[in-house]
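Kindly produce the complete structure, drawing on both the sequences and the hints.
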Amino acid sequence: MVRKLKSALDPAAQRLVDGLLASPVPGPETGTPEDARRAFRDGRRAFAPAPPEVARVQDLPATPDRPAMRLYRPWGTTDREVLPVFLFFHSGGWVSGDLETHDNACRSIANAGRCAVVAVDYALAPERPFPAAIEDAQVAYHHVTAAADELLIDPRRIAVGGDSAGANIAAVLALILRDEGRPQPCGQILIYPATDFAARTASRAEFETGPTLNVAALEWFAGQYLPNPALATDWRASPLRAASHADLPPALVVTCGHDPLRDEGIAYADRLEAAGVPVRRRHFPGQIHGFLTMGGIMPETTILIGEIAAELQRAFANWRDDDWGDRAS
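Numbering of the sequence shown is given in full-length UniProt numbering, commencing with residue 1 and proceeding in unit increments.
Because the hints were derived from the structure by calculation, they are not lab data. Remember, predicted model here, so these are calculated numbers, not experimental data. All C-beta atoms, glycine included, are put in the ideal place defined by N, C-alpha and C. One should not assume that every hint holds.
What the hints assert, rightly or not - Each pair of labels, with its calculated beta carbon distance range:
| id | residue 1 | residue 2 | range |
| --- | --- | --- | --- |
| 1 | G296 | S244 | 35 to 45 angstroms |
| 2 | T30 | D179 | 35 to 45 angstroms |
| 3 | D79 | A205 | 49 to 59 angstroms |
| 4 | R128 | T30 | 21 to 31 angstroms |
| 5 | A202 | P26 | 25 to 35 angstroms |
| 6 | P51 | D79 | 14 to 24 angstroms |
| 7 | V82 | L21 | 48 to 58 angstroms |
| 8 | T30 | E81 | 42 to 52 angstroms |
| 9 | R56 | L21 | 38 to 48 angstroms |
| 10 | G276 | P26 | 38 to 48 angstroms |
Here it is as structure tokens:
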């Protein structure tokens, strides 16, 4: 159920919320995982602009050892150029989403960031619950770096990121790589991240019933993803609860004013900053959860894509300045 808000929404977001108030759409918590996936696909399709042209799209099929992935090379580049790469994990509450739901966003990020983008079709719950998605993320990262020559990407200039559940996976991946002493990404892009399954924040209370994502849906997603409720405090599910956030890649943390996940995104940025990690914050006070994939109706999506692209360029340039080169050697 959607409720009216006292604070100001972005005009485009307000139109979407008004439409939901007039014609309510059942939330994922009211149906099955397949119902949720269908609704998520339909919503992404309805809100997306025309797909931008890119130089190349290459599907990397799944094997028994790794998930399917999709490689995008930006418009204006050739197949002979070695490019930096952004490893992207989609949203969807660990239950929904795939390579198609975020195809448009990945194309836009590739073009704006002048980099390759590799989208990961990671394991979905409840068929493959936690930690399967995290394991797929690790496999994808290692494959992309190992196959860099074949894919014509620079494995020393790799950033990780995603939106919502995908940002959660990217944040956990960075923590795991640090703890294992593996080569680190040069940056992490965390777009309205879910960082604490056990959170009891003011934003979750304020937006308990929406305007789009609500707490009932968050609890349903958690029940699908976590085979045991006690795992809510496991840092591999809730990266905010990691023992240390030091020695992690520089981060862009994006938050939205009208989002139950707002405060845990802010808390994660605070935790990174307190640990000495360079953090750029971008807050969209009038926005709702999920607007990365709403470019057909949300003008601010273009601004968000620009922010992501600028941070990627900073991360790739910082590696060349040797800010993170020692970690990759």
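Evaluation of the provided hints:
{"no.": "1", "hint": "G296 with S244: 35 to 45 angstroms", "in the structure": "41 angstroms, holds"}
{"no.": "2", "hint": "T30 with D179: 35 to 45 angstroms", "in the structure": "39 angstroms, holds"}
{"no.": "3", "hint": "D79 with A205: 49 to 59 angstroms", "in the structure": "51 angstroms, holds"}
{"no.": "4", "hint": "R128 with T30: 21 to 31 angstroms", "in the structure": "23 angstroms, holds"}
{"no.": "5", "hint": "A202 with P26: 25 to 35 angstroms", "in the structure": "27 angstroms, holds"}
{"no.": "6", "hint": "P51 with D79: 14 to 24 angstroms", "in the structure": "20 angstroms, holds"}
{"no.": "7", "hint": "V82 with L21: 48 to 58 angstroms", "in the structure": "50 angstroms, holds"}
{"no.": "8", "hint": "T30 with E81: 42 to 52 angstroms", "in the structure": "48 angstroms, holds"}
{"no.": "9", "hint": "R56 with L21: 38 to 48 angstroms", "in the structure": "42 angstroms, holds"}
{"no.": "10", "hint": "G276 with P26: 38 to 48 angstroms", "in the structure": "45 angstroms, holds"}
The structure is consistent with each of the numbered hints, conforming to all of them.
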